[in-house]
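Protein sequences appear in the order of chains A and B. For the first sequence, this note's numbering assigns the number 1 to the initial residue and increments by one for each residue that follows. For the second sequence, this note's numbering assigns the number 1 to the initial residue and increments by one for each residue that follows.
By construction, these hints were calculated from the structure, which means they are not laboratory data. Just so you know, even glycine gets a beta-carbon here, dropped at the ideal spot from N, CA and C. Please note that the accuracy of each hint is not assured.
[Said to hold, decoys possible] In silico DSS-like links for lysine-lysine, alpha-carbon gap of 30 Å or less:
no.	chain 1	residue 1	chain 2	residue 2
1	A	K111	A	K37
2	B	K42	A	K67
3	A	K59	B	K78
4	A	K26	B	K83
[To be verified] Facing chain A, a subset of chain B residues (Cβ under 10 Å, in silico):
no.	residue
5	P8
6	Q17
7	I20
8	Q37
9	F45
10	N52
11	S55
12	F65
13	S95
14	A105
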Amino acid sequence: QQPVQSPQAVILREGEDAVINCSSSKALYSVHWYRQKHGEAPVFLMILLKGGEQKGHEKISASFNEKKQQSSLYLTASQLSYSGTYFCGTDLIPNNNNDMRFGAGTRLTVKP
Amino acid sequence: EPEVTQTPSHQVTQMGQEVILRCVPISNHLYFYWYRQILGQKVEFLVSFYNNEISEKSEIFDDQFSVERPDGSNFTLKIRSTKLEDSAMYFCASSEGGTRMNTEAFFGQGTRLTVV
Chain A
1 QQPVQSPQAV ILREGEDAVI NCSSSKALYS VHWYRQKHGE APVFLMILLK GGEQKGHEKI
61 SASFNEKKQQ SSLYLTASQL SYSGTYFCGT DLIPNNNNDM RFGAGTRLTV KP
Chain B
1 EPEVTQTPSH QVTQMGQEVI LRCVPISNHL YFYWYRQILG QKVEFLVSFY NNEISEKSEI
61 FDDQFSVERP DGSNFTLKIR STKLEDSAMY FCASSEGGTR MNTEAFFGQG TRLTVV
């Protein structure tokens with residue numbers, strides 16, 4: 001029931017862009033994106049609830065496709081502070097509630 | 001800024017012993033969660049708690065685990081008889097709304113449990 005994330009790892013130079021994907025074989029009620037820096041707790045980035053939704057804050061944005069089975073996180077003009085592991089958390093339709101499963105994570109490294 | 005507080009930050013215990021991990025969620029939050037993360041691996045859902053009862057639990061959350069909100073502020077995770085494979089970082093999280101609402105979950109800094 002957990003989502004599948006890809007890629008597993010990305011290495012970027014500062015200023016480059018990255019896309020992280022999160023997909024499920026079944027329709028999702030919601031997708032939550034978190035970033036975790038080494039040795040720290042996950043920190044919330046955003047939630048997507050509606051099919052076709054796109055959300056963003058500054059240079060980090062995300063989309064949720066119409067079928068609600070796939071979400072992508074877009075990091076543009078990456079900064080050193082973007083380094084960390086990105087997890088998507090998903091709540092599966094139809095019945096499970098408050099059961100958010102995380103993907104395996106995508107380790108993003110931004111180099112100067 | 002309000003935060004989720006977890007104690008202790010690190011606990012070492014002998015195999016077979018009981019441990020209680022403590023969490024103080026953000027005061028106006030209604031939904032509480034426990035997750036664990038084995039070193040270098042993904043964050044795994046254990047259990048969610050709402051309205052003084054378990055809302056959902058995962059396959060990991062077997063009879064050795066229990067949760068409680070004993071006094072209206074603390075939220076505890078008990079492992080009755082620890083095994084070596086229980087060694088992990090345990091995160092508590094809380095949120096105003098459930099996972100189907102447009103509210104974020106705030107994570108505590110975690111308790112590192114080491115079973116020897």
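Numbers of the earlier hints that this structure fails to satisfy, in rising order: Of the numbered hints given earlier, those the structure breaks are 3, 4, 5, 6, 7, 10, 12, listed in rising order.
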